[in-house]
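Residue-level listing of the chains:
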Amino acid sequence: MSCHHCHTKVVGDYKLPPIMLLPAEDQKFMLDFVKASGSIKLMAEQMSLSYPTVRNILDSVIEKIKNLEN
Amino acid sequence: MVFIFNPFTKIAGGKALWIGGLFAILTLAISYFSHSAFDGVIDFHVAPFTSIWPYVSFYIISWLCLVLFLGLTGLLFTKTRFRWIDILGTTLLSRAPLLLVALAAFAIPYIDKEQLSDITQIHFTAGFFIASFFSLICIIWTVALYYNSYRVCINIYGSKAVWTFILALILAEITSLVFIHSIHFK
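Here the protein sequences line up with chains A and B, keeping their order. Every letter in the first sequence is one number past the one before it in our numbering, and letter 50, counting from 1, is 198. Every letter in the second sequence is one number past the one before it in our numbering, and letter 61, counting from 1, is 372.
There may be inaccurate statements among the hints.
The following label-pair restraints were derived from C-beta to C-beta distances [stated by the list, open to error]: (1) A/D180 x B/G332: 28 to 36 Å; (2) B/L337 x A/Q175: 30 to 38 Å; (3) A/G186 x B/V454: 53 to 61 Å; (4) A/Y162 x B/Y468: 45 to 53 Å; (5) A/E193 x B/L383: 25 to 33 Å.
Think about it this way: if two alpha-carbon atoms lie no more than 20 Å apart in a straight line, the pair counts; the simulated PhoX-like pairs of lysine-lysine are [as the list claims (entries may be wrong)]: (6) A/K212 x A/K157; (7) A/K176 x A/K157; (8) B/K326 x A/K214; (9) A/K189 x B/K471; (10) B/K321 x A/K212; (11) B/K321 x A/K214; (12) A/K163 x A/K212; (13) B/K471 x B/K390; (14) A/K157 x A/K214; (15) A/K176 x A/K214.
Honestly, the hints are just simulated from the structure, not real lab data. Since the model is a prediction, treat every value here as computed from it, not as a measurement. Glycine included, C-beta positions come from ideal geometry on N, C-alpha and C.
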């Protein structure tokens, strides 16, 4: 793991949690989802998307996490 | 361009239901005067009725048959916990292009069984062919909207989405025809 700005490098034999392995876009979605108290309806309003579209994004993130856990 | 074929990434649920409802009311009001009957999920015929109720019942039966079979397909083939309100709303909104078909029907005359038996006696105008072709395009547009509504609401994709949609559409079409004919054409 390294920082592109300060060039700090962390080297070690450890596993990152699945959420850390998700793309930045999905991590942001997860963060926003938690901040919206897990409300798909609220997320849909914030993202200007329909309820099923947001639920489909959530389903795809869940699927990615499950795959990373296996 | 994407929006006219798939508005459902932005609109679904109750919002789609009331917008679709407005389109349905307008379509049915025009249908009564242009004698356009939507007697099946993908059917359109010019048929004069003295009351508006056959047009209304055909429209509602067809819509609900589609909702039922798309929902049942979703229950059988996906793990997504979809909402029935999304299917109700998006499928009703998918029928919005039928408003244009109802308008085009003013240029399509009613042809009864007697006239059909001697087709050479019917005088087909250029307007008839243009309106018929335009109606066909609008019905194809409606089916494309049905498919995208199904994909978004049920969260299904790839070849599985295509064949399950075709299956649901065929079953909904048959069921709607059976219902409509058993009610109105006994």
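Hint check:
1. Take A/D180 and B/G332: their Cβ atoms lie about 32 Å apart, and the range 28 to 36 Å holds.
2. Taken as a hint, the range 30 to 38 Å is violated for the pair B/L337 and A/Q175, whose Cβ atoms sit roughly 45 Å apart.
3. Between A/G186 and B/V454 the beta carbon distance is about 36 Å. The supplied range of 53 to 61 Å is therefore violated.
4. A C-beta distance of roughly 36 Å is found between A/Y162 and B/Y468, which places it outside the suggested range of 45 to 53 Å.
5. Taken as a hint, the range 25 to 33 Å holds for the pair A/E193 and B/L383, whose Cβ atoms sit roughly 30 Å apart.
6. Simply put, A/K212 and A/K157 have alpha-carbon atoms about 27 Å apart, too far for the 20 Å limit, and the pair is violated.
7. About 23 Å separates the Cα atoms of A/K176 and A/K157, which puts this hinted pair outside 20 Å; it is violated.
8. Pair hint B/K326 plus A/K214 does not hold up; C-alpha atoms about 33 Å apart against a cutoff of 20 Å.
9. Using a Cα cut-off of 20 Å, the hinted pair A/K189 and B/K471 is violated, with the two alpha carbons roughly 28 Å apart.
10. Among the hinted pairs, B/K321 with A/K212 is inconsistent with the structure: their alpha-carbon atoms are about 24 Å apart, more than 20 Å.
11. At most 20 Å may separate the alpha-carbon atoms for a hinted pair to count; B/K321 and A/K214 exceed this at roughly 28 Å.
12. This hinted pair checks out: A/K163 and A/K212 have alpha carbons roughly 17 Å apart, not beyond 20 Å.
13. Of the pairs offered as hints, the one joining B/K471 and B/K390 holds, with about 13 Å between alpha carbons and a cut-off of 20 Å not exceeded.
14. With a CA separation close to 28 Å, the supplied pair A/K157 and A/K214 exceeds the 20 Å bound.
15. Only pairs whose Cα atoms come within 20 Å are accepted, and A/K176 paired with A/K214 is accepted, the gap being roughly 18 Å.
Hint compliance for this structure: hints 2, 3, 4, 6, 7, 8, 9, 10, 11 and 14 are not met, and every other hint is.
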